[in-house]
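Student: Guided by the hints, dock chain B onto chain A, whose structure is given.
2 protein chains.
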Amino acid sequence: MAKKKFALSVQRSENFADWYQDIVRAADLAEVSPTRGCMIIKPWGYGIWELIQADLDRRFKETGHQNCYFPLFIPQDFIQKEADHVEGFAKEMAVVTHHRLKSVDGQLQPDPEAKLEQPLVVRPTSETIIGHAFSQWIQSHRDLPLLINQWANVVRWEMRPRLFLRTVEFLWQEGHTAHADQQDAVEETMRMLGVYRDVAQDVLAMKVIDGEKTENERFPGAVSTYSIEAMMQDGKALQAGTSHYLGTNFAQAQGIQYNSKDGGLEFCHTTSWGVSTRLIGGVIMSHGDDDGLRLPPRIAPQQIVILPMMRNGETAPEVSEFCDRLKGELDGKEVYGSRLRTFIDRKDASGADKRWDWVRKGAPLIVEVGPRDVADGKVTFLRRDALRTDDGKLAWQSCGGDEFGTMASGLLTEIQEGIFARSEQRTQNNIESGITSYADVEAYFAAKDGKENVPGWTLVPWCKPTGAELIAVEDQLKKSQLSLRVTPFEQPASLGQCAFTGKDAVEAVLVGRAY
Amino acid sequence: MAKKKFALSVQRSENFADWYQDIVRAADLAEVSPTRGCMIIKPWGYGIWELIQADLDRRFKETGHQNCYFPLFIPQDFIQKEADHVEGFAKEMAVVTHHRLKSVDGQLQPDPEAKLEQPLVVRPTSETIIGHAFSQWIQSHRDLPLLINQWANVVRWEMRPRLFLRTVEFLWQEGHTAHADQQDAVEETMRMLGVYRDVAQDVLAMKVIDGEKTENERFPGAVSTYSIEAMMQDGKALQAGTSHYLGTNFAQAQGIQYNSKDGGLEFCHTTSWGVSTRLIGGVIMSHGDDDGLRLPPRIAPQQIVILPMMRNGETAPEVSEFCDRLKGELDGKEVYGSRLRTFIDRKDASGADKRWDWVRKGAPLIVEVGPRDVADGKVTFLRRDALRTDDGKLAWQSCGGDEFGTMASGLLTEIQEGIFARSEQRTQNNIESGITSYADVEAYFAAKDGKENVPGWTLVPWCKPTGAELIAVEDQLKKSQLSLRVTPFEQPASLGQCAFTGKDAVEAVLVGRAY
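Chains as they are written, first to last, in the numbering used here: chain A, 1 to 515; chain B, 1 to 515.
Heads up, a few of these hints could be off.
Said to hold, decoys possible - Only pairs whose alpha carbons sit at most 20 Å apart, straight line, appear in this in silico EDC-like list of lysine to aspartate or glutamate:
#1 A:K61 to B:D55
#2 B:K115 to A:E92
#3 B:K347 to A:D262
#4 A:K378 to A:E329
#5 A:K102 to B:E158
#6 B:K503 to B:E474
#7 A:K333 to A:E417
#8 A:K327 to A:E403
#9 B:K347 to A:D184
#10 A:K91 to B:D105
#11 A:K261 to B:D348
#12 B:K102 to A:D77
#13 A:K378 to A:E321
#14 B:K478 to B:D440
#15 A:K91 to B:E113
#16 A:K5 to A:D391
Calculated directly from the structure, the hints in this document are not laboratory data. From a predicted model like this one, the values you see are computed outputs, not experimental measurements.
This is chain A alone, in the form it adopts within the complex (with noise of 0.2 Å):
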């Protein structure tokens, strides 16, 4: 049998990253930019992103938080003081020294009598520069619970950027929330796990496990961090979004106090969570085949793109007009309480260009129409998420016009569920849980390595080491490129023995391969 052909000029199974790579550029999500390790995010791409924050933000503000804005900017003597406070601190950002360029026999460089007293550092993070706001703003336990979230961009200097994986720039949202007591706080933290947990699911379709992280992975300074975990194809693990509690660690650093009903000063107990621009990476590494990337209708900028067919760069007014009442028929319908989003492509390029164009960018369903369609009364499209039969061929599927605006919101369900479907599936079929051993471990992802694209994760009892003995885990997991993901909220019945140790098991962690 000859070899398939497929929209994408590298294959999931020859070379996942290779793939990677492909699909962010056919499907036209982003591009590296000039200015090393960051990146374009193009008009489809950046249409993912508002629709991924419009969601958020409005549970965020449901569950009662609000947006603020801070600098770009912070202090260095702000970052010295979290440095001298924070165990792991990361050293690599950005640093501002100079506010003038000079010109020099007309080459430019930093104007050394514009070199600023004190550094400035762009944002990793805003934890500092909020917490001092935070000691400004509280004063009474009337002033808490304090709620507030921030949309912004943030610098990491990443020596190895992967488009919306790792990149020097990225776009996120943080929120950080102050609180009187511990239980309001922890509350907080898992609220918003628990929005994360659901937008990745319900929202981008992307099964994820929570739990919480081990103690060498969380966040510096925090009490304890949790964080949803999905599975890519290729059986890595992709940390989606992480929310942190901090005690009053960060409040006593900081000064964050309040006075209480009965008249103490008391420090407040803080969190902060954030998701990023990687969610995206996450749907492409979840949902995209062989032919590109595959939407799910919530997050899909176009939900149903109808293409006419055109010859010589003209397109018949009767098939130009069929698809105007199409597009008109649609625009009256809903799905997921939004209406939905349809789009005419009615750019001058070939029918077989524009429609492998949408296949590639992954629109759930493509309509396309041409004089014999219009005559009778027919529409003849192509559902993204089952394009091609088993021989290989496009599955098309037709039905009568008003029979398809009437279909529409529910095929798109239909794409939204399936798309989250296979996701779960994958997830739980690739995680290994009959695990007694650290040898186990090893011989599941020896027999896997280098013959199936999903090794996944095994679920392994432990007896939660810490110090030391955690070290050497960590370690010895490393040799085999794996590492602790996550302790699951669910967790299995029974436990036996730590694989590690042979020490009586306390709870199952989550071992895998990351990103």
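Tutor: Using the frame of chain A, we list chain B on its own:
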């Protein structure tokens, strides 16, 4: 008569600049940050920005634009190229020179080993980096027009920052478009200026004068620059939005070319246009009074605030229920195509404190609910745009509970229109058009200086001088702190002589003081 007591500590007539500072603080819009020259935009201020953004964004999309995101950092050699081709190029910008901090004796400093080979500039605007992308993206006439917008933060090193009006970092949008010919590009330039005018007037309720900037006020490198100028209550002009037709100047410098239909290689005609968080400064100085901000309902984060009366920190159950019922009813209503934004403020604070908080913040309608209102089935409210009676007392109004729900949308429309009418009236009343000589200009401002809050502008016939003659005019104006604002599209029927040179006038130009 005793001096009236107002909610702000400074009155406009006493010191407009201090009043501005006071209202920004008292309305809880923004504050100075520990990072020199940068601001923290607080929830009420950011909420206003979100509404302005949403309205603009909808209009950008309706006119065919797509959002993208380009890097924060621009390599110095891009800036070099711009400096080489643009006269009047500004060099005040934040320069990133290192990518790591290093701890030396416990003190952080830029790590000499992490010095960048080439400095990076924090974008003051994105012409160069977007132009470079355009040169890659555009091949054929089929790729045109290319209509891109970006929402972003930008940085310009300001020595005398003022919140919202002039800060080191600010938020804005920048539109960048490329077209096949001059006509299409000029139409785009005008269309987007029109969008700005409509948003300023219809949404921000701020009367603006649209027109062309004079030669030396053009964006460096532009063929023509257009702006909307708004008159603040102190008579100064605020340039509130600009739209530039760039000809092929930037396309030539950046190689933005396309293959035309007849096979030739042509330079694109490009445009750019932007508005920023400065608009919020305009709203404050247009509509604020001595009791605080007055927000046009279309950009009020909360349009109707309901204050349940409390006794000893408790609200009577029937009062609380009445408030919930009222909010429930209002939530079902719309104004300007959006659901009413209604908020019940249950904060544990005195009724007077809460009332005056919302007066200062400028909520359009403030409803107070006490046990007597509930017993009478009445709603007692304040209109922020008509807060006081002639003798300075609060102008309480009341109506039946059902009636309020029915009339709320209408009241908000009335407030929106009323606020615009005042701004329009004030602008029209304070443009002196009977100018025939420069002596008239001086006399006009001399007569007003120190006496009135609104010296306003003069509409001056001139011969549209260029070169040295234009500089002489500007220098003369500068002596009276005046400047050329804009040549309005709406010109007087007759012109007479140039007020500066005595030659025949060819048009009339607005002259005034400016922010």
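Student: Honestly, which of those hints from before does the structure not fit?
Tutor: As far as the earlier hints go, not one is violated by this structure.
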